[in-house]
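Given these sequences and hints, build the entire structure.
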Amino acid sequence: MGWGSRCCCPGRLDLLCVLALLWGCLLPVCRTRVYTNHWAVKIAGGFPEADRIASKYGFINIGQIGALKDYYHFHHSRTIKRSVLSSRGTHSFISMEPKVEWIQQQVVKKRTKRDYDLSRTQSTYFNDPKWPSMWYMHCSDNTHPCQSDMNIEGAWKRGYTGKNIVVTILDDGIERTHPDLMQNYDALASCDVNGNDLDPMPRYDASNENKHGTRCAGEVAATANNSHCTVGIAFNAKIGGVRMLDGDVTDMVEAKSVSFNPQHVHIYSASWGPDDDGKTVDGPAPLTRQAFENGVRMGRRGLGSVFVWASGNGGRSKDHCSCDGYTNSIYTISISSTAESGKKPWYLEECSSTLATTYSSGESYDKKIITTDLRQRCTDNHTGTSASAPMAAGIIALALEANPFLTWRDVQHVIVRTSRAGHLNANDWKTNAAGFKVSHLYGFGLMDAEAMVMEAEKWTTVPQQHACVESTDRQIKTIRPNSAIRSIYKALGCSDNANHYVKYLEHVVVRITITHPRRGDLAIYLTSPSGTRSQLLANSSDS
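Quick note, the sequence shown lines up with residues -32 to -1, 1 to 511 if you use mature numbering (1 follows the signal peptide of the UniProt record, and there is no 0).
Hints are computed from structural coordinates only; laboratory data are not their basis. Just so you know, not all the hints are guaranteed correct.
To be verified - Each computed SDA-like pair below joins lysine to any residue, with the alpha-carbon atoms no more than 25 Å apart:
1. Lys131 <-> Gln74
2. Lys471 <-> Ser439
3. Lys445 <-> Ser508
4. Lys286 <-> Asp243
5. Lys125 <-> Lys471
6. Lys312 <-> Arg343
7. Lys312 <-> Gln231
8. Lys471 <-> Ser508
9. Lys125 <-> Leu156
10. Lys98 <-> Ser195
11. Lys131 <-> Phe94
12. Lys311 <-> Arg385
13. Lys10 <-> Lys37
14. Lys224 <-> Leu255
15. Lys286 <-> Lys224
16. Lys312 <-> Ala155
17. Lys247 <-> Thr218
18. Lys311 <-> Asp348
Treat the numbers as computed from the prediction; the structure is a model and nothing was measured.
What follows is the structure, given as structure tokens:
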């Protein structure tokens, strides 16, 4: 029934009806519409047709909208995230497609929760027995000696706990029946590459050799408030495991692992690599390299899989993480460690590929990381960069919950912008030309979960990646004892090719071929035009 027929009433009711009509007309004018870069689209023909149309007009098909058949959630990253004007780009021609039956650009709606607003500053309490002892969660409460806080509780208080984010641990399996893991366990994020089945349960022996993956998993997503053990950083995230280290590790094993179910898994966490003996130079073989590239280009429906890697524990052997082709890949996020005191741990490696740092163990008197352990137990003895990588994966899960549309490169940018040098002790801190403090030991500093979710909330997707490959003169040069070779190369950034032109720098990959009997006799540095000096390889007297 329309307004005209409803207002055919005498006396005072006429006035009320007119007022209702005026309010009905004025409300949409007074409240400005805010358009997003998300669309609801009804398309006949199923998922393949929806994907085809999305790709044709520059959208990403996020998937079906709930249980509504033929209705799809499209995202257009090149459209402004918030605007008072509806979008009018070439992508709007999508409505002319014969299979598109209906399309609607989504508008922000204000909704108020109908409950009382409890103080956001109240302390966080969980009934898990190990919660009070998790020192790296409590740096700000003056009861623990750690000086800088990763602000994980701050991210929780903003409502981010890892919901709808899937993290997979690439390791020796995870104990999916553990009371702290079973609630968040995700079978779709799990498999056994070693045993060629779908069950990632570790192989048990008297020494508990295969405890590593279960320990890493608990750091990420141990269930909170179940009166058992510990609390994960992203305690509402889904957690899976790929059992791939308990057997012969081949290129095929690694490739299967890092490419497992990439449309379901958001974050892969790996705390392993080549020998940290100060002598080995090794990295991904062809299949795994291709799997990494496919992951960042096609994983997460084109947003890119996020690969988190431990930087290595070879500090005592003077190992250098630039010789590890997993941690120095542009496709991985390499994570270093700092001890409770902020001092450099004895096992720490240094290299220019390290992106950021989280807490872990240090000297024998320093506290270690508390997490889940085999046989439904918990441990307060998790150590090394093995503990730092899953901690970073948990923090990244919080950021992805805050903004699920962060690309793999967006995640790296957000980490760089929000990490802090703080109390991290190093002699090589310097400010690069972009204005960020950076160290070969700690990357851009200690990760800050609250700062990351806040940055993620407002983040605008970075432009498409341009890769410029330029070759220097391939002259054979001899490196003489106790001398240096200096090569200067003017890079143009492919300015003559619009498809490859680099306007601002994210990554530099240098390929050098050197024949030499001792890796430890060599030191290699790369200096940028602005003077930032990156150590690609450090010399060592005993390697």
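Hint check results:
1. Proposed proximity of lysine 131 and glutamine 74 is supported: the alpha carbons are some 22 Å apart, at most 25 Å.
2. Between the alpha carbons of lysine 471 and serine 439 the distance comes to roughly 19 Å, so the proposed pair stays at or under 25 Å and holds.
3. A distance of roughly 22 Å separates the Cα atoms of lysine 445 and serine 508; the hinted pair therefore holds under the 25 Å criterion.
4. Between lysine 286 and aspartate 243 the alpha-carbon distance is near 12 Å, which keeps this suggested pair within the 25 Å criterion.
5. The straight-line distance between the Cα atoms of lysine 125 and lysine 471 is roughly 38 Å, outside the 25 Å bound, and the hint therefore fails.
6. As the CA atoms of lysine 312 and arginine 343 are separated by approximately 33 Å, the hinted pair breaks the 25 Å bound.
7. Our distance criterion of 25 Å between C-alpha atoms is broken by lysine 312 and glutamine 231, whose separation comes to about 38 Å.
8. Between lysine 471 and serine 508 the CA atoms are separated by roughly 37 Å; this puts the pair beyond 25 Å, and the hint is violated.
9. Between lysine 125 and leucine 156 the CA atoms are separated by roughly 29 Å; this puts the pair beyond 25 Å, and the hint is violated.
10. Straight-line distance between C-alpha atoms of lysine 98 and serine 195 comes to about 9 Å, which keeps the hinted pair within the 25 Å bound.
11. With a CA separation close to 18 Å, the supplied pair lysine 131 and phenylalanine 94 stays within the 25 Å bound.
12. With a C-alpha separation of about 23 Å, the suggested pairing of lysine 311 with arginine 385 holds against the 25 Å cut-off.
13. The straight-line distance between the Cα atoms of lysine 10 and lysine 37 is roughly 9 Å, inside the 25 Å bound, and the hint therefore holds.
14. Between lysine 224 and leucine 255 the alpha-carbon distance is near 9 Å, which keeps this suggested pair within the 25 Å criterion.
15. A hinted pair counts as satisfied when its Cα atoms are at most 25 Å apart, and lysine 286 with lysine 224 does not qualify at roughly 31 Å.
16. Restraint check for lysine 312 and alanine 155: not satisfied, since their Cα atoms lie roughly 38 Å apart, outside the 25 Å limit.
17. Proposed proximity of lysine 247 and threonine 218 is supported: the alpha carbons are some 20 Å apart, at most 25 Å.
18. As the CA atoms of lysine 311 and aspartate 348 are separated by approximately 20 Å, the hinted pair is consistent with the 25 Å bound.
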